[in-house]
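Top to bottom, those sequences are chains B and H.
Note that full-length UniProt numbering has the first sequence beginning at 1, numbered continuously upward.
Note that full-length UniProt numbering has the second sequence beginning at 1, numbered continuously upward.
Treat each hint with caution, since some may be false.
Just so you know, same-sequence chains aren't split out, so a pair can sit in one copy or run between any two.
Subject to a maximum C-alpha distance of 30 Å in a straight line, what follows is the list of computed DSSO-like cross-link-like pairs (lysine-lysine) [stated by the list, open to error]:
1. K89 to K290
2. K268 to K290
3. K66 to K89
4. K66 to K290
5. K268 to K89
Honestly, the hints are just simulated from the structure, not real lab data.
There are 2 protein chains.
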Amino acid sequence: MNLESLNTPAALIDVARMQHNIERMQQRMNALGVRFRPHVKTTKCEQVVQAQMNAGARGITVSTLKEAEQFFASGIRDIVYAVGIAPTKLQQALALRRQGCDLKIVADSVACAEAIVAFGREHEEAFEVWIEIDVDGHRSGIVPDDDTLLDVATTLCNGGVHLGGVLAHAGSSYDYDAHDALVHIAEQERSGCVRAAERLRAAGLRCDVVSIGSTPTALTAEHLEGVTEVRAGVYVMFDLVMHNVGVNETSEIALSVLTTVIGHQKEKGWAVVDAGWMAMSRDRGTQRQKRDFGYGLVCHEDGSVLDGYLMSGANQEHGIVSRCGAPDHEIDQRFPIGTRLRILPNHACATGAQHPAYHAVGADGQIETWPRFYGW
Amino acid sequence: MNLESLNTPAALIDVARMQHNIERMQQRMNALGVRFRPHVKTTKCEQVVQAQMNAGARGITVSTLKEAEQFFASGIRDIVYAVGIAPTKLQQALALRRQGCDLKIVADSVACAEAIVAFGREHEEAFEVWIEIDVDGHRSGIVPDDDTLLDVATTLCNGGVHLGGVLAHAGSSYDYDAHDALVHIAEQERSGCVRAAERLRAAGLRCDVVSIGSTPTALTAEHLEGVTEVRAGVYVMFDLVMHNVGVNETSEIALSVLTTVIGHQKEKGWAVVDAGWMAMSRDRGTQRQKRDFGYGLVCHEDGSVLDGYLMSGANQEHGIVSRCGAPDHEIDQRFPIGTRLRILPNHACATGAQHPAYHAVGADGQIETWPRFYGW
């Protein structure tokens with residue numbers, strides 16, 4: 001199978017770029033002296049995750065219990081489900097643990113801790129729980145100096161639960177685009193999570209794991225003292241949002257969508273392509289960043305950037321490709337019907353999720369189909 | 001199976017609302033004296049489409065050839081693929097026709113028409129082609145008075161292709177929210193497409209089908225003289241974008257996402273739920289409308305609207321529910337951990353696509369699983 005034989009739209013992975021991204025992150029983590037636990041929500045693809053494990057990753061992070069089930073079935077035992085668990089999902093978590101999965105779950109409230117304790121007692125299961133720490137006001141978690149931290153920890157420990165550690169994610173790092181600001185938010189993530197661990201230890205509690213991470217902070221942190229492991233997801237593919245943040249070149253983006261030109265509106269300078277938002281996702285993450293890439297940056301079929309051409313609009317199965325600035329009234333000559341283009345996505349996690357499989361393009365141009373799953 | 005037994009997040013269809021929406025549209029089309037051809041891209045779900053056919057629909061519209069293949073396999077022969085065909089997809093279209101599918105394809109350029117003629121000659125297949133008409137500058141198609149219309153038609157007819165008709169979609173109707181403006185764009189869609197058909201007939205060519213439609217124009221057109229059929233998709237579920245356009249009440253929205261509260265940030269007035277953008281989609285279609293619903297409007301578990309609460313933010317598997325205006329500092333009491341809520345979506349086509357199946361909730365509260373497919 002090669003590029004010409006693919007139906008469009010199709011999600012392509014440039015395997016050489018992916019491998020470069022995996023090695024860049026793993027080497028950095030090795031140099032910083034921490035374990036690396038990739039977040040598999042980005043690809044939900046066995047072949048990609050296997051490449052991450054082969055490079056030295058230790059365990060995985062998941063965003064759904066379905067991911068835990070699928071990757072445990074493919075042989076990975078050490079899994080953290082990094083979303084605060086709904087009490088109704090404890091049965092599903094229990095089933096995984098009973099099958100031998102070393103599943104860690106997360107809580108950030110006394111109510112959730114109490115539910116885990118009660119369920120654990122009823123089923124005679126000592127769950128391992130990590131407490132989520134809020135280091136940047138972005139989403140979930142307990143502020144390191146909030147007394148709730150100790151309340152949750154003692155609820156868990158007194159209830160026979162194994163308090164495994166603390167976990168934080170500086171999601172607000174996506175909002176910055178200057179190196180100094182990223183270094184600052186990375187240090188805030190590190191120091192906040194370490195502070196929480198120290199408070200637990202000062203209260204006489206064990207806290208072995210200090211787990212932090214996001215792609216921008218993982219790639220800019222100057223040191224990771226007190227941290228035991230880092231989590232990151234999107235780095236494996238990179239995308240235009242991360243390019244705007246400043247952590248990758250467009251030439252490092254491993255995911256693209258192959259599409260075919262199906263029409264033109266010459267007066268407007270539009271080429272219409274057969275990849276719309278169903279293929280790209282509705283993610284407009286670059287809208288508020290320093291450069292708005294519309295629905296994606298246009299490349300030649302070989303993956304080289306056609307600078308100045310964006311997917312400027314998208315309907316479900318139609319994309320509009322146009323030149324930035326003055327309309328290209330010769331676009332029908334430049335990209336005749338049948339022309340194949342590749343589109344670099346705003347957000348690799350969102351774009352990948354629209355596709356049942358990736359088409360992995362090797363250095364020799366040969367293509368393998370790498371399935372991915374979705375749902376809950 | 002009932003609501004309590006569902007894992008979250010889950011896409012729910014309120015079957016009574018869906019049936020109401022189907023009957024409303026079909027009765028209107030019957031009264032206007034046109035055939036109705038639903039666009040199945042909204043749900044890609046056999047049970048939903050069967051309900052549309054049972055109510056009187058004649059044939060279906062698809063946005064991908066995969067939809068054509070799946071629904072042909074389930075017994076529907078009369079199918080129009082309403083996206084200008086890429087020449088490389090002609091083999092797939094041919095295979096469907098050879099199996100007995102009455103598949104119509106679409107073109108809006110001489111180059112595409114020539115490709116269809118050449119492929120048809122090579123394979124001795126007289127494809128049926130509908131010419132796409134641009135009635136509002138929204139996307140694809142040929143302006144009714146453009147000479148390209150006749151060039152495309154004669155290319156097809158001289159090449160042994162069956163010119164079946166003309167087709168238009170006033171996608172810009174989504175941009176309006178006043179009844180008079182909708183009536184105007186509906187008339188523009190009707191008259192533009194009829195004008196194109198008349199020009200073809202004046203040139204001595206047959207043009208049996210005059211196919212138009214979008215949910216807003218189908219529900220506001222005052223008459224459909226000269227039109228033979230209407231296409232619409234999202235009406236079967238409706239959503240918040242259509243509510244802002246003014247064609248449905250929130251109480252008519254048949255699709256919602258069931259979610260569970262997993263945490264709080266009390267100071268900010270946030271409840272964190274286990275449906276994020278993966279469950280809702282990244283569609284922010286209400287962002288530029290008269291009311292911005294964030295990622296969705298919050299309802300009680302029974303589907304009644306909790307007016308004033310929105311999903312104001314979303315990460316991949318986390319949603320943030322908050323009150324419009326002043327923060328609700330008692331949100332942890334109002335929606336304790338484990339509370340189930342339903343979220344009405346901005347865009348039913350985009351939200352449905354994130355889910356492997358719908359959970360169809362009958363009037364008796366019993367739930368059936370209705371699979372849906374994705375990909376190309």
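Hints versus structure:
In this homomeric assembly, K89 and K290 never come within 30 Å of each other (Cα to Cα): the closest approach is 40 Å inside a single copy and 38 Å across copies. In this homomeric assembly, K268 and K290 come within 30 Å of each other (Cα to Cα) both inside a single copy, at 25 Å, and across copies, at 28 Å. Taking the shortest Cα distances, K66 and K89 sit within 30 Å of each other inside one copy (11 Å), while across copies they are farther apart (34 Å). In the homo-oligomer, the alpha carbons of K66 and K290 never lie at most 30 Å apart, since the shortest distance is 36 Å inside one protomer and 38 Å across protomers.
Taking CA atoms no more than 30 Å apart as the test, K268 paired with K89 passes between copies only; the shortest distance there is 26 Å, against 52 Å inside one copy.
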